[in-house]
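Trainee: Protein chains in written order, with our numbering: chain W, 1 to 406; chain Y, 1 to 406.
Some clues are possibly wrong.
Treat identical chains as interchangeable: a pair holds within one or across any two.
In the DSS-like style, the derived pairs of lysine-lysine whose C-alpha atoms are separated by at most 25 angstroms in a straight line are [said to hold, decoys possible]:
hint	residue 1	residue 2
1	91	350
2	400	319
3	301	57
4	211	113
5	126	367
6	207	68
7	251	6
8	341	68
9	212	296
10	273	319
11	126	319
12	367	400
13	360	131
14	57	350
15	57	341
16	341	126
17	366	31
18	174	251
These are calculated hints, taken from the structure and not from any lab test.
It should be emphasised that the depicted structure is a prediction, and the values quoted were computed from it without experimental measurement.
Below, each chain spelled out in residue letters.
There are 2 protein chains.
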Amino acid sequence: MDLLKKIKIIKNGGVTTPSGFSANGIHCGLKRNGKEDLCLIFSETAATSAGVFTTNKVKAAPVTICQKQLKHNKIRAVIINSGNANACTGKNGLDDAWKMVKATAKVLNIEAKEVLVASTGRIGIKLPVEKVINGINKLKDVISKDGGHNSALAIMTTDLYPKEMALEFIIDKKKVRLGGICKGAGMIHPNMATMLCFLTCDINIEKKLLKKILEEAVNNSFNLITVDGDRSTNDTAVILANGMAGNGSIKEGSSDHEVLSGAVSFICRFFAKEIVRNGEGATKLVKINVVGSKTKVEAKKAAFAVANSSLVKTAIFGKDPNWGRVMSAVGTSGINIVEEKIDIYYGKNKIVAGGVGIEKVYPIVKKYLLGREIELTIDLNQGKEQVSVLTCDLTPEYVKINAGKS
Amino acid sequence: MDLLKKIKIIKNGGVTTPSGFSANGIHCGLKRNGKEDLCLIFSETAATSAGVFTTNKVKAAPVTICQKQLKHNKIRAVIINSGNANACTGKNGLDDAWKMVKATAKVLNIEAKEVLVASTGRIGIKLPVEKVINGINKLKDVISKDGGHNSALAIMTTDLYPKEMALEFIIDKKKVRLGGICKGAGMIHPNMATMLCFLTCDINIEKKLLKKILEEAVNNSFNLITVDGDRSTNDTAVILANGMAGNGSIKEGSSDHEVLSGAVSFICRFFAKEIVRNGEGATKLVKINVVGSKTKVEAKKAAFAVANSSLVKTAIFGKDPNWGRVMSAVGTSGINIVEEKIDIYYGKNKIVAGGVGIEKVYPIVKKYLLGREIELTIDLNQGKEQVSVLTCDLTPEYVKINAGKS
Chain W
1 MDLLKKIKII
11 KNGGVTTPSG
21 FSANGIHCGL
31 KRNGKEDLCL
41 IFSETAATSA
51 GVFTTNKVKA
61 APVTICQKQL
71 KHNKIRAVII
81 NSGNANACTG
91 KNGLDDAWKM
101 VKATAKVLNI
111 EAKEVLVAST
121 GRIGIKLPVE
131 KVINGINKLK
141 DVISKDGGHN
151 SALAIMTTDL
161 YPKEMALEFI
171 IDKKKVRLGG
181 ICKGAGMIHP
191 NMATMLCFLT
201 CDINIEKKLL
211 KKILEEAVNN
221 SFNLITVDGD
231 RSTNDTAVIL
241 ANGMAGNGSI
251 KEGSSDHEVL
261 SGAVSFICRF
271 FAKEIVRNGE
281 GATKLVKINV
291 VGSKTKVEAK
301 KAAFAVANSS
311 LVKTAIFGKD
321 PNWGRVMSAV
331 GTSGINIVEE
341 KIDIYYGKNK
351 IVAGGVGIEK
361 VYPIVKKYLL
371 GREIELTIDL
381 NQGKEQVSVL
391 TCDLTPEYVK
401 INAGKS
Chain Y
1 MDLLKKIKII
11 KNGGVTTPSG
21 FSANGIHCGL
31 KRNGKEDLCL
41 IFSETAATSA
51 GVFTTNKVKA
61 APVTICQKQL
71 KHNKIRAVII
81 NSGNANACTG
91 KNGLDDAWKM
101 VKATAKVLNI
111 EAKEVLVAST
121 GRIGIKLPVE
131 KVINGINKLK
141 DVISKDGGHN
151 SALAIMTTDL
161 YPKEMALEFI
171 IDKKKVRLGG
181 ICKGAGMIHP
191 NMATMLCFLT
201 CDINIEKKLL
211 KKILEEAVNN
221 SFNLITVDGD
231 RSTNDTAVIL
241 ANGMAGNGSI
251 KEGSSDHEVL
261 SGAVSFICRF
271 FAKEIVRNGE
281 GATKLVKINV
291 VGSKTKVEAK
301 KAAFAVANSS
311 LVKTAIFGKD
321 PNWGRVMSAV
331 GTSGINIVEE
341 KIDIYYGKNK
351 IVAGGVGIEK
361 VYPIVKKYLL
371 GREIELTIDL
381 NQGKEQVSVL
391 TCDLTPEYVK
401 INAGKS
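Construct all of the structure, not just a fragment, from the sequences and the given hints.
Mentor: So, in structure tokens, the structure goes:
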């Protein structure tokens, strides 16, 4: 089945494109530059929901609350602030996150158990919760179908541009829509790293299947990217499905299931790629393919070892065909290799054959490295499994941003 | 026993300070800037020897040869080049490394099996071995007691200054001397990472005990430092003990054993600290202590997670008391933590108590972070084990050096 033929990208679509969803983003006083820092997403009807969260053992207060809310309840609203992570804030932080939930429920006239909450920004600073609550009071009057773009702006931190998308496809002969917003930037690593992603959908679906579809999509997208190897305390990917498209139930393994899975994966992969392209200070998007591996686990280990190597990433920034650093990173990944079997390609240019460099290719690869999108393929020549990981180059700008000096 | 009282640092001492050793370093044509790039260390008598090498599965040709030579033979000479790693160079690389060994044996009139070889520099470029062999012919005429400093210069790559030291102490009532040279800089990570260390000693000792002492010293020094988390293909730490001090045999567990262990550890720790201080682009030396751990293994995992976090390292460069990044790194280290139990200190200033920041301390910590040597202590409050790791900050200059742009 050619999934792409069944999925239509909706021009200027976003988180409010599916039926029954409204949203908006405003400035409530958290970001010093006066930009949007508070976002509210609302569904007219209670939505079946699922979420995937950070694996960091230090979890932000809102993550703890979402995990609790999602265990039992249908969801009608998500309140998200940027500019403060409300992480490592102890009992006060948890109280503040609950205050956000309750204030949102109150202004929308829904139950507190129907509200999810998320935060992103600096860790360890007390949330100025009064500002946020004032903001929630204002937001309730402005949420609308037109507020999708402002929502995307309001969840940004160091992102260079907002990330939003919506898709349309057919399920059970009904036209259904899937939309979403996402933010990323630094601290991106498998298992999600300060990224927030909120998906909305008007499909009718069982919670269990929805969760499975989201988890698969996250594993094939956000969990295959890295910017700096750090993982955040706040990572959240949530999907709300409010059933307003009126389709009948979706059976596991059916072609409807396949189309929906394809659509959720498509949007997650799109966001994942945009996150890496927007990696702090990044000048190049880099795809690392490890092929010819005995197992997927080994391929993934090797791919992340290369993708997280500061030396590989700085060499790519420097447009330097320094494949030795790639070999060295594979060698330290902990997997079994046979050095004499390894081939390496920069784009389609084979630069290493059987563990040894092909010098005449270097000038060609130097030119190839001038591009904005770089692909490295490491063939272990030991088996048939493969994994691809997205990363970006490491630049002086990354350091300046994270040292607070840019 | 106060070891430091038993060990004397010899002013201007180095690799030729112990009896019977001579050395020198010259330019043979590998470094484009005309600086010293070839070093020869020679012992008048055959030396009991031991070595510790990279754990990277991609090993440079000279590493393979040293491991073979050290299995059986006493050693009389070490030939080392900088400016080319002779790694990932296939069968040709191995041939070239053997040519270095044989040329050295020939000019010194010793056997090939008595020669060790090491290389450091860029990976994957064929070694211009004729230049090296011409250099070896010249070196044989200039090795002397006065050549220690030039030897230290000749093994440098991106180091800012040469690293050398010699100690004197008493074993079996004889005055013995231990000297050495070392190089480090980028790609430094536990299990040694492009660092080379050559120790010479005039002590008389059994090979087995010598190896044990070297391994312990390396574990407590070079294996507790990190610059960028990458590990090299060429790491080598070697000790030669030629017996010329005339002491009787050293018993395991004796006070003589303890003094020698202390001396070897002292010199290795000194070099390890200098390597980190010289980390590529580093402006600050950073000590990460993890205390209150249930096990040493967990403490080490947490310490390296913090020491290798790009976000922690850039924050320290930016003099930013961003302890949230420290918490987050500990949370992703894979060890079991109780967030509410964690205390964090910057120097002696407690900035986090029970997982929550103490805001009034931030201005004090900002001032503390202006210093050149920074110490972070993370108390897990779960047990009694502790580990300290040395690292440095991550700076725009690191990126420029490794992108070939500085």
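Trainee: Just pull the numbers of the violated hints for me, sorted ascending.
Mentor: none
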